Amino acid sequence: MSDEDPILRSLARHGGDPHALVQILREVQSELGWLSRATQQAVATGLGLPITRVESVVRFYSFFYEQPRGAYRMLVSDNVTDRMAGSQALFAKLCAAFDVKPGELSRDGLVSVALTSCTGMCDQGPGLLVNNIAMPRLGEIPLDELVARVRAREPLAQWPVSWFAVADNIRKAGPLLGPRPEPGRALAAAIARGRQGMMDEMRASRLRGRGGAGFVTFVKWEGARNAPGPERYIVCNADEGEPGTFKDRVLLSSFADRVFEGMAIAGFAVGATRGFLYLRGEYEHLKAPLEAELARMRAGRRLGVSIGGEPGFDFDIAIHLGAGAYICGEESALIESLEGKPGRPRIRPPFPVTSGYLGKPTVVDNVETLCQATEIALHGGAAFAARGTKASTGFKILSISGDCARPGLYEYPFGVRIDEILEACGAVDVAAVQIGGPSGVLATPDEFRRRIAFEDVPTAGAFMVFGAQRDLFEIVRNFAHFFAHESCGFCTPCRVGTALQRDILDKIAEGRGSRYDVNELMRLHELMRRTSHCGLGQTATNAVDDAWRKFRPAFEKRWQAHDFAPAIDLDAALAPARRATGRNDAGAHLTEEA
Amino acid sequence: MEATFTLDGQEVPFRPGQTILEAAKAAGVYIPHLCHNPEFKPHGSCKLCTIVVNGRNGSACTMQASAGQDVDSETPELQTMRRTILQMLFVEGNHFCPGCEKSGNCQLQALAYDFEMTTPHFAETFPDLGVDASHPDAWIDFNRCIQCELCVRASRDFDHKDVFALGGRGLGVKLIVNSPTGKLGDSAFAVTDKAAHVCPVGAILIKRVGFAQPIGMRQYDLAPISAEADVCEIPEAPHG
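Top line first, the protein sequences correspond to chains A and B.
Numbering follows my numbering, in which position 180 of the first sequence is assigned residue number 180; successive positions increment by one, without gaps.
Take any residue in the second sequence, count from 1 to its spot, add 594: that is its number in my numbering.
One or more of the hints may lead you astray.
Sample of chain A residues facing chain B (criterion: CB under 7 Å; computed from the structure) [to be verified]:
{"no.": "1", "residue": "Ile-51"}
{"no.": "2", "residue": "Trp-159"}
{"no.": "3", "residue": "Lys-341"}
Computed beta-carbon distance windows for the label pairs [claimed, not checked]:
{"no.": "4", "chain 1": "A", "residue 1": "Met-522", "chain 2": "B", "residue 2": "Gly-622", "range": "33 to 41 Å"}
{"no.": "5", "chain 1": "B", "residue 1": "Asp-731", "chain 2": "A", "residue 2": "Glu-66", "range": "28 to 36 Å"}
{"no.": "6", "chain 1": "A", "residue 1": "Asp-585", "chain 2": "B", "residue 2": "Arg-802", "range": "29 to 37 Å"}
{"no.": "7", "chain 1": "B", "residue 1": "Pro-818", "chain 2": "A", "residue 2": "Arg-417", "range": "38 to 46 Å"}
{"no.": "8", "chain 1": "B", "residue 1": "Gly-724", "chain 2": "A", "residue 2": "Asn-584", "range": "28 to 36 Å"}
{"no.": "9", "chain 1": "A", "residue 1": "Arg-451", "chain 2": "B", "residue 2": "Val-646", "range": "53 to 61 Å"}
{"no.": "10", "chain 1": "B", "residue 1": "Ala-727", "chain 2": "A", "residue 2": "Glu-104", "range": "51 to 59 Å"}
{"no.": "11", "chain 1": "B", "residue 1": "Pro-670", "chain 2": "A", "residue 2": "Arg-348", "range": "40 to 48 Å"}
{"no.": "12", "chain 1": "A", "residue 1": "Glu-66", "chain 2": "B", "residue 2": "Ala-782", "range": "43 to 51 Å"}
{"no.": "13", "chain 1": "B", "residue 1": "Pro-670", "chain 2": "A", "residue 2": "Gly-359", "range": "34 to 42 Å"}
{"no.": "14", "chain 1": "B", "residue 1": "Tyr-707", "chain 2": "A", "residue 2": "Leu-8", "range": "49 to 57 Å"}
{"no.": "15", "chain 1": "A", "residue 1": "Glu-104", "chain 2": "B", "residue 2": "Pro-818", "range": "19 to 27 Å"}
{"no.": "16", "chain 1": "A", "residue 1": "Asp-200", "chain 2": "B", "residue 2": "Pro-818", "range": "54 to 62 Å"}
{"no.": "17", "chain 1": "B", "residue 1": "Ala-782", "chain 2": "A", "residue 2": "His-285", "range": "41 to 49 Å"}
Hints in this document: simulated from the structure, not taken from any laboratory.
Since the structure is predicted, the reported quantities are computational estimates derived from the model, not experimental observations.
Using N, Cα and C, we set each Cβ at its ideal position, and we do this for glycine too.
Please construct the entire structure, taking both the sequences and the accompanying hints into account.
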């Protein structure tokens, strides 16, 4: 079979380890373009797995294809900020230029064009992925030239480098984004403090996780350190999928030494020897530079055996690429994905700190959290805790996008007011800010004196600004489509509820909604919030709930009937009966009651 | 003294390691469930057994019982939520009881009766998921699958054949079959497998026994599903 070569090579590269299934499928697909049933069978046979194990992974991740998708696979980012930057018109133009329907393969088998969830280019959108490589500012790329290069089958490596240039856009720097310490200093400081000393500083810092949930980092580290067994793992969660968040991308592209040193410090304090960086598939362009940084660190004895000359401090890091699944940002789903499985959140307890990767104690921390650990190693926990608020110590990086003059990264101490941020980024005439992504808080001007902090408005960093000209109904409808697309499907309330929410909002958008439909949405909100298996389902209705309470006219202006309109078009439903009876007179139609 | 928790005001004893659902069942109290089957590892996906423990929501099938827990189960609001979850399962698939061989033995149908679910409430999705009748002794109607993974667990953990898995994401999740063609007839599945007999609904059916047991005489025609716990061993009432 001609397919076999890349498969055998990839299997050999990973030593035939079934836990590497996601990586193997990525590598095989990058050579073959798609994953036929024969390919899947060959991978399954090579790993000694049932084909259903391979098939369930292929069907779970958005970036795996069971059908040919062409030599050029284009995915246009569909976050609301991309739409605000004109992505929908550009998507239509791309489809027209290649004469291809959305999601389908062109007749010549060369190109496919589809939509994808937020690619993390919100400050420089619209974002595009070509064969999983990121291109920002699609609006500035001459489409005729892009089309010509594709038609000429020119490899991506020969396309203008500027098309792939991703900007950092650091607008306000604090301790992390400002002048950096010399590589290795934080690690040396941690070693000087000793394992227990570093742990004590972590406790004193009262650092809380920067990925959204805000769990106390020291408690995680201590839990993993004290868990029985010889093996422990440190996992850096770089699956930055929350629409509107892009700060981890900048940390990974320009501060990778800090990220990896933070992981090594965690390994030192917790007693772990292996680390994984789980990099979202949308950031594949960062993989090679990150590997280069790892090589530099190994050469500088900042990774490997007896790090910094400290006997027994052995630690190394492997990069694992995701394949397009927002849910893998949830820590137990991420671990499932690391183990080569579909990213379905596990039943907790047990928590990863006692039973994580391969059932071993595992610390999963966000990119920014691990960077903060380098700050704590350098300057101590007390200095760290002196900034921010009592319950939310230290600084927080915000990813600001949408209707403002200066989108990009802003690093503030916790406790900063929303209106201070809006002034800094040059946002005027603001109708609302979505803070913390679609699952977060939709804040309106009367709330702009609230503060960014775990005790007030928590956020993993997303801060999307919506001007007065924006239609908040369409924005939350975009979020609802996102959640329905990203629900893993494990539990009933989220699997069905996210789809029902999407369909009800679509019905309202079509002008067939009424107060009844909003009541339905609110009932779904209550049900999903309380019964869903994980945070995705528990928060998937927050935005609609917020928008209904704060932007009621945006819904009401779409209503035709006040009380109720059916989900189906009753007159259209009679069409088969009309055809069967050969009638088309007035009596064979339903008309609106006067 | 035996450790107990409180379930809807009633003291329920438990053994260490028991889940709330198991302890309740042993005490003769039924907590509705679909994806749980006492012979298999708890799964926690259907969410029918959602309870409130000390003010927090959780699944009775996966939460460990512990002393002094204050558990709400049969409250009007939880019962309403359970009915809504049943309605979600109904509209997600194609569940037309009058034409289904499983009628009367179907747990989804039995629960719908128990919860007085008179309509599916939501707009039907009417998926077209097809049928696999390739196996000589059994067939699958994918339109009726509720994704409880009982057949997956039975085939993997009991039969050691790994015949089934779920593939896909969100509403697109579908039962898939481990064989070169993806067809049941080409798989290692046998009618004697545990996996052939655990489906709580009419998705996996045995051929040539249809209507052998007349409708009206079937398990849930004779007694409601909530009576299930009544036939279990009831431990001695705790003496304070």
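How the hints compare with the structure:
| no. | hint | in the structure |
| --- | --- | --- |
| 1 | Ile-51 | holds, 6 Å |
| 2 | Trp-159 | violated, 32 Å |
| 3 | Lys-341 | violated, 11 Å |
| 4 | Met-522(A) <-> Gly-622(B): 33 to 41 Å | holds, 37 Å |
| 5 | Asp-731(B) <-> Glu-66(A): 28 to 36 Å | holds, 29 Å |
| 6 | Asp-585(A) <-> Arg-802(B): 29 to 37 Å | violated, 51 Å |
| 7 | Pro-818(B) <-> Arg-417(A): 38 to 46 Å | violated, 57 Å |
| 8 | Gly-724(B) <-> Asn-584(A): 28 to 36 Å | holds, 35 Å |
| 9 | Arg-451(A) <-> Val-646(B): 53 to 61 Å | violated, 32 Å |
| 10 | Ala-727(B) <-> Glu-104(A): 51 to 59 Å | violated, 31 Å |
| 11 | Pro-670(B) <-> Arg-348(A): 40 to 48 Å | violated, 29 Å |
| 12 | Glu-66(A) <-> Ala-782(B): 43 to 51 Å | violated, 23 Å |
| 13 | Pro-670(B) <-> Gly-359(A): 34 to 42 Å | holds, 41 Å |
| 14 | Tyr-707(B) <-> Leu-8(A): 49 to 57 Å | holds, 56 Å |
| 15 | Glu-104(A) <-> Pro-818(B): 19 to 27 Å | violated, 50 Å |
| 16 | Asp-200(A) <-> Pro-818(B): 54 to 62 Å | holds, 60 Å |
| 17 | Ala-782(B) <-> His-285(A): 41 to 49 Å | holds, 43 Å |
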